[in-house]
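Trainee: Spelled out, the chains give:
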Amino acid sequence: MSISKDVLPGDAIHRGPPVTVNRYGPAKRINHWITATCLILLLLSGLALFHPSLFFLTGLFGGGQNTRMLHPWIGVVLFVSFFILFAQLWRANLPNRVDVQWVSQINDVVAGHEEKLPEIGKYNAGQKFIFWGMAFFIIVLIGSGLMIWDQYFGESTPILLRRIAVLVHSVSAVLIIMLFILHVYAAIWTRGTLSAMTRGTVTGGWAWRHHRKWLKELAGRGRIDPAE
Amino acid sequence: MTNAWTDIKNTDLVVVMGGNAAEAHPCGFKWVTEAKAHRGAKLIVVDPRYTRTASVSDYYAPIRQGTDIAFLNGVMKYCIDNGKVQWEYMKAFTNASYIVKDGFAYKDGLFTGYDPEKRDYDKSSWDYVLGEDGFVTTDPTLAHPRCVWNLLKDHLAPYTPEMVERICGTPKEKFLKVAEMISECSTPTKTMTSMYALGWTQHSSGSQNIRAMAMLQLILGNIGVRGGGMNALRGHSNIQGLTDLGLMSHLLTGYLTMPSEKDETFETYMSTRLFKPLRPGQTSYWQNYKKFMVSFQKAMWGDFARADNDWAFNYLSKLDVPSYDVLRMFELMYDGKVNGYICQGFNPILAFPNRDKNTKALSNLKWLVTMDPLETETARFWENHGDFNPVDTAAIQTEVFQLPTTCFAEEEGSLTNSGRWLQWHWAGGTPPGEAKHDTWIIAQIFLRLRDLYRKEGGAFPDPVVNLSWDYADPNEPTPEELAKEINGRALTDLMDPADPTKMLVPAGKQVLNFSQLRDDGSTMSGCWIYSGCFNEQGNNMARRDNHDPDETGAYLGWTFAWPLNRRTLYNRASCDLQGKAWDPTRKIIEWDGTKWSGYDVPDIAPNAKPEDVGPFIMNQEGTARLFTRGLMRDGPFPAHMEPFESPVANVFNPKMRGNPVARVFQTDAAQLGQSDEFPYAATSYRLTEHFHFWTKHNRVNAALQPEFFVEISEELASEKGIEKGGWVRVWSKRGSVKAKALVTKRIRPLICDGKTVHVVGIPLHWGFTGAAKKGFGPNSLVPFVGDANIETPESKAFLVNIEPTTPPQEGIA
Amino acid sequence: MMDSPRTAVSNPPVQPMETNLTPRDLVRRSATAELPPPERQLTPVAKLIDVSKCIGCKACQSACVEWNDTHPEIEENVGVYDNPHDLTENMFTLMRFTEWINPENDNLEWLIRKDGCMHCADPGCLKACPAPGAIVQYSNGIVDFIHENCIGCGYCVKGCPFNIPRISKVDHRAYKCTLCSDRVAVGQGPACAKACPTQAIVFGTKEDMKSHAEERITDLKSRGYENAGLYDPPGVGGTHVMYVLHHADKPHIYANLPDDPKISGIVQAWKGVTKYVGLAAMGVAAAGAVLHGIFGKANKVQPEDEENAEKLVDAAEGRKEDA
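Protein chains in written order, with this note's numbering: chain A, 106 to 333; chain B, -8 to 804; chain C, 17 to 339.
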């Protein structure tokens, strides 16, 4: 059996009943939540500077000056944090033929007719889209963000580039926020998902329903712990 | 200035040559912009560099430094050749028609009577032909071949546009354009003003530079008129006051002169100073010399100056040399012949030529007292600052006393500006720390010295012991007391000479002005030309009435101008022989048939008939001199002389170096460089961001122009591999400096006598004290020679070499 | 209409003047949607800089430093007359020197331009500013930075078509020429204009300054500067700092003065369409998610899924035990 990209270190099944499956270990979860926290803080502080009607959000950070000062540093933390996660997950997120099938049946996805979909590995195309989208926008945001980080890099780039950077930064921010909404909503809509990032486990049924290929692979490889 | 700053607005053409008014006198320069904006006046700049003044000029012509006489002689020739002369003015108001002695001539760059051993002229042939009546013989038709006019024309003949280009490096067409613009001011209704400064004076032929322009102004009829004149822009707010009050070794106050050893008695002294008129009916105002001199002596020694002791004439020291100017004093110090030096408000280590020599000179002193509100390099000359002041401190035994003084804003008194206005000002702040007024310090020194002389006697204590010191607080005379003393007062009741029953001034009261001074000891006055500044009407210097009827620019109610509150000197010359203004739209004064009156104080006796009395009342002739007889050491006409250090030889006499009669000390002669070793023509100047060596202490000025630099052309930079903003070393036969290179299009190489001449510009505001970056001054490089007549150092034209280098070291090497 | 000071020369006639340039004189306020209209209109003012009269003495820089009590650094000489080398948070105005050879006659011209805030009628800085009230525009035309509201983000730098504002590295606030609003408010002209020895900088009502400029342009044309003109660029709605240029046909020769300045299209896009569309898109996405959450059917794991999982695990365990 070839080594599957879908099975990551730490992924394992616990015998039930009910069956539970280890989806994310503690390190990944901490990593994720640092990233998520940063993203939320960036969203709040960024939006405060994005539209006057949201300027009041600077109050959360101790005023405009602090917001301006903190936002880029949070961005740096997010960047580092995200790419530690990225390094571990990128192989599992490489697209394959199944993803094409999944996308072509997006109506069934939205309608919840998963029985009509092919079996999915650790990540479906939607999750992969969010993963790569996040990665792409974070790179764009950190790049453009550095150019407009006036405190340290104010004079490092020509004014035209800085103007482009500020536009790119804000457009990217809008898009990453939409991606973020999609990510959060999908996690909520798909019940049972949140526990993957809270307790680190999902139920066997969740895995069977959404990531059957992954579950089968785990089972097939004997990644099964004895019942507790 | 013959005119006033405010009068410049009346001009049609401003010629800035030998100066950089916009840069060095930005506030006064506003009057040029007024003239340009409201009269459509044009501005011409002639300078080796395209200066800030040039940046707002209508026409700019380059010139090699030190060749102004050739240029101006060329312009004079152009005007005469093209009939652009204000004939009536020139004939009546100058000595053009006077006949000159037969012996006088000019050949090979020299006038008659040159003695190379003495480096001096026998000037006996440089004089008029006098008639039996004692008056000059004249030929009003100007036909006589020996009249001044024809001699002048002969003298100017070589100065063709081609010759000007050859000497000055000014392209012929640029010279001709300037000459044409200037020549247009020969009409009575067009005037030109000359604004100059140290760009003309700091040459070995500096006095002749100014003379050349004065002569040009005379043949154009521009002296004494509104918007005309010779306007020397003084470099300090009170440097005019310095010369007026005689702070020069050969002068007393008000341009009375120090006696020399030859003047053994008061009688001999007076005999060479009471100038008799050389033409009938002329004023020759110096005939009043004795009144001013006796009043001065009375101001100095009061009751100790009496008729029976020749007004204490022997209390005055007698000069054994022509002058103890700064160059001579430092030469003496250098030779170890001076023990002590009180240096008041001066920074010789950065100001005088040949810094190395100055440092050695100061090192030879027993003691040095500096009086300055700011730290000066002179007070710290013994301190090692690495490359910036590489002295061996331990080897210097001079004891230095630094006395902090107040600055202008902390004291009351008057400042005399370039336009001869005595402007009173009041203290705006209290002195910081231990700072004391200069008057207090001098009083303390005097009182202690007097005590010593009283106690110990000495060879001749009288002048000190008997000095008049009549102040309410002898420890600190007040500015008002001093001003009143300068104005003068009656010592006994002064009766009207025309009506002895009528009292003019009761004893003890201030005289109205110098017209009331007497030679019988009944009056005293510290400085006759200032008399009128503080009379019984009060402190006229404090007047602040800025009304200006008909906007003539006179402002008679604003402060006080010497002499007699007169704003334009020679203003009688603004009228024709009938006493009517040459230009009715620019009237200053006019003759109404019985007297002179107008917007200004007439510069002539109020009842002097216009056809009889000439306007130049200080001259024996009553006219202005195109030919100066023996009054100037280097010739009665201005002739082209090269600077002592010149990249090209004198075209009239290639063997002649510099000014043939300028004084050169032996040690300095050996330190003159040759153009093969030092090929580049250097000049020094100020920048508008700074004021001398003061403002480098101010963080604002220091930020605006932080660091020493030299300016060179792009051509020289590429020839020498010098980069913009890189370090260069500039050195002369006397010293070496390191500076940042400012490579500019504003300096371009000149072609002089077929040779490419590169100009190196060296500004002067940096030293090793203050807030700005440490730097050097051009004086490290300047030769120790001065003008032949007045010994102003030749800081504007000398030779250097230049190369790229490494940054200077700050610390002790 | 309430009058504004009409001159900056020394000792102007002192007339009592009602305090102005208060919050009720604002016509624009950064990041503020609904600004009440100003209670009165002040006469528009302007500073006119006649480049042809300027001698580059830097008295304006000095006066600016003194009046605003700033502390520019003492830098090095880098081979030019421009010092400090650029505008800084401590140097609101700067003489910029350009040595230009006129191609028409091969004559050198030393062009000296006093750089600083132009006080645009349509200020890009204000448009870009995210902090409410950090940048304001008064009805007399002055664009001013209110430092206590400034957050130091540097957006104004990007918004400015003239590259003027500078952010302090010390207090992280943006600084630029205020047109001496604190002097103008009490009837005085700007410090630089007062200090200018040649009156190359003059101050007064915009109308007066325009007619003064006309006189100057006539004079310059009479001196052979055929293209002399007024720089009051329409691309930013005109400015309250204007130049008289001898070569008004090519402003760029004056140390890169923009030929036709306008607020950058990029900045317009950022502060225009992006701001509104972006906010709308995010709002719609969030609302859509919420609505779908409420009204849509959640994707729930079914009991049979759990059973299937158990079966799978059992089967796999079986295989494991068999093996």
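Worth double-checking, as some hints may not be accurate.
Claimed, not checked - The calculated label-pair distances, taken between Cβ atoms and stated as ranges, are: (1) C:S184 to B:E714: 28 to 36 angstroms; (2) C:E92 to B:Q388: 15 to 23 angstroms; (3) C:E92 to B:D744: 49 to 57 angstroms; (4) C:E92 to A:G130: 32 to 40 angstroms.
Said to hold, decoys possible - Stretches of chain C that chain A covers, calculated by requiring three or more beta carbons in the stretch to come under 8 angstroms of a beta carbon on chain A: (5) 111 to 124; (6) 129 to 141; (7) 154 to 160; (8) 272 to 286; (9) 323 to 329.
Just so you know, these hints were derived from the structure itself, not from any lab.
Even for Gly, the Cβ is constructed at its ideal location relative to N, Cα and C.
Trainee: Hint by hint, say whether it matches the structure.
Mentor: Comparing the hints with the structure gives:
1. C:S184 to B:E714: 28 to 36 angstroms: holds (33 angstroms)
2. C:E92 to B:Q388: 15 to 23 angstroms: violated (37 angstroms)
3. C:E92 to B:D744: 49 to 57 angstroms: For D744 (chain B) against E92 (chain C), whose Cβ atoms are near 39 angstroms apart, the range 49 to 57 angstroms is violated.
4. C:E92 to A:G130: 32 to 40 angstroms: violated (57 angstroms)
5. 111 to 124: violated (count 0)
6. 129 to 141: violated (count 0)
7. 154 to 160: The restraint on the stretch 154 to 160 of chain C is violated, since only 0 of its residues have a Cβ under 8 angstroms from chain A and three are required.
8. 272 to 286: holds (count 5)
9. 323 to 329: Held - the stretch 323 to 329 of chain C has 6 residues with a Cβ nearer than 8 angstroms to chain A, which meets the minimum of three.
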